[in-house]
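Chains A and B, in that order, are what the protein sequence lines are. According to this note's numbering, the first sequence is numbered sequentially starting from 1. According to this note's numbering, the second sequence is numbered sequentially starting from 1.
Take the hints with a grain of salt, since some may be wrong.
Claimed, not checked - Quick list of in silico lysine to any residue cross-link-like pairs, SDA-like style, CA-CA up to 25 Å:
| # | chain 1 | residue 1 | chain 2 | residue 2 |
| --- | --- | --- | --- | --- |
| 1 | A | Lys123 | B | Leu112 |
| 2 | A | Lys123 | B | Ala81 |
| 3 | A | Lys84 | A | Val33 |
| 4 | A | Lys123 | B | Ile65 |
| 5 | B | Lys46 | A | Val33 |
| 6 | A | Lys123 | A | Arg134 |
| 7 | A | Lys123 | B | Leu60 |
| 8 | B | Lys46 | B | Leu151 |
| 9 | A | Lys84 | B | Leu112 |
| 10 | A | Lys84 | B | Lys46 |
| 11 | A | Lys84 | B | Met132 |
| 12 | B | Lys46 | A | Glu72 |
| 13 | B | Lys46 | A | Ala90 |
| 14 | A | Lys84 | A | Leu159 |
| 15 | A | Lys123 | A | Ser62 |
| 16 | B | Lys46 | A | Tyr117 |
| 17 | A | Lys123 | B | Leu76 |
| 18 | A | Lys84 | B | Leu151 |
| 19 | B | Lys46 | B | Leu96 |
| 20 | A | Lys123 | B | Ala54 |
| 21 | A | Lys84 | B | Ala186 |
| 22 | A | Lys123 | B | Gly64 |
| 23 | B | Lys46 | A | Pro114 |
| 24 | B | Lys46 | A | Gly83 |
| 25 | B | Lys46 | B | Pro101 |
| 26 | A | Lys123 | A | Val33 |
What the hints assert, rightly or not - What follows is a set of in silico ranges between Cβ atoms, one per label pair, in the way DEER data are often shown:
| # | chain 1 | residue 1 | chain 2 | residue 2 | range |
| --- | --- | --- | --- | --- | --- |
| 27 | A | Ala179 | B | Ala81 | 19 to 27 Å |
| 28 | B | Ala81 | A | Arg17 | 28 to 36 Å |
| 29 | B | Ile152 | A | Ile6 | 21 to 29 Å |
| 30 | B | Ser163 | A | Gly94 | 33 to 41 Å |
| 31 | B | Gly64 | A | Ser189 | 30 to 38 Å |
| 32 | A | Gln166 | B | Ala178 | 40 to 48 Å |
These are calculated hints, taken from the structure and not from any lab test. Glycine residues also receive a C-beta, built at the ideal position from the N, C-alpha and C atoms.
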Amino acid sequence: MQAQLIATDIACRRGDRLLFRGLSLNCASGDAVHVTGANGIGKSSLMRILAGLARPFAGEISCTGAIGLVDERLALDMNQSLGKALAFWARLDGSSADGEMHALLQLEPLMDIPVRYLSTGQKKRAALARLLTRDCPIWLLDEPLNGLDTQAQNTVEMLISRHCEQGGIAVVASHQPIALAGETLDIESFTR
Amino acid sequence: MPLLFFLAVAMLYPFAVGPDAQMLARTGGGVIWVAALLAAILPLEKLVAGDLEAGVLDQLYLRGISEELAMAVRLLAHWLAFAPLLLLATLPAAALLNLSPDTIRTVVLGLLSGTPGLAAVGLTVAALTASMRGGAALAGLMVIPLAVPILIFGAGALSRPDSSGLLLTAAISLVLAAVTPFAAGAAVRASRD
């Protein structure tokens, strides 16, 4: 798959505050970018801008290929069982519930449990599973390691590198160290 | 829930104004309209805010489903969830208020043509207030003035021999239902920033 994500000279404003400016990003197939920076510096805002959910204060975004976003918003029905909640999105994406992915993320024993009873890490794994069963070349992951145990963290790192090997793009915002075969983008250097 | 609320209003009204059968028959149609309007306000809180908060609308957008389409489907779902049951509940309510068959017919037809408009106003307001704190209370207040035209023509049809009131109600409903997906979609987009 040929994917592309280009951000040119974007700036982000939150209220009266200019969070960052002059930030450019150029990702082609196979690229991984680790976005770092302190809390509140605009990592999540950058991800939403890249996803097209928020408008940048200045600059332009262009992308080729479908975008998949995993952030702190789960978008799963809290009152349904995990299996049903994931099946809703699988139907929408036209993908079948992928047993292999669920096994990889250790979700199989959780399928009958209502989403609201899941822990932070389990919810995060569910959101990642939804991303995996959908065939989209551009991954935007906002703090994907939050709440995950060591084993699941390793799995996520493995999944990201596999995705990039297959020609996908991964932009990962994380304040935690994460093993990524790609460049690091520190928002700190665009704050002024 | 909105249904029980609707029936409760229809049940309380005779207690409040006394058991004068003629007066009930004369004013009952209007009471049903007011009860229907208030019942339409009840589900507004959960209509958009929950999905916005949980990121469902974000994920839909990333799958190429525009806010307008999501809101159009939501409008249909919202109407289906409250209007058909409300129309059914009009029959026991009409019995409680001693309405004549003619009045019942006008009320049911009026509600049938007016409820899409009520649902549309409700959805637009729910989308506008979704990202605010205390949005639900504000939504209730905002719906009432916007729903007044529907109420005037819908309830006004009761005191007219021809069907012009019903037709005007239906016309308002059509306009509102056509505008709402765009208005609510724009409101959802604006609330993301």
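Problem set entry | Hint numbers not upheld by this structure, sorted from lowest to highest | Per hint list: 1, 2, 3, 5, 9, 11, 15, 17, 18, 19, 21, 25, 27, 28, 29, 30 violated.
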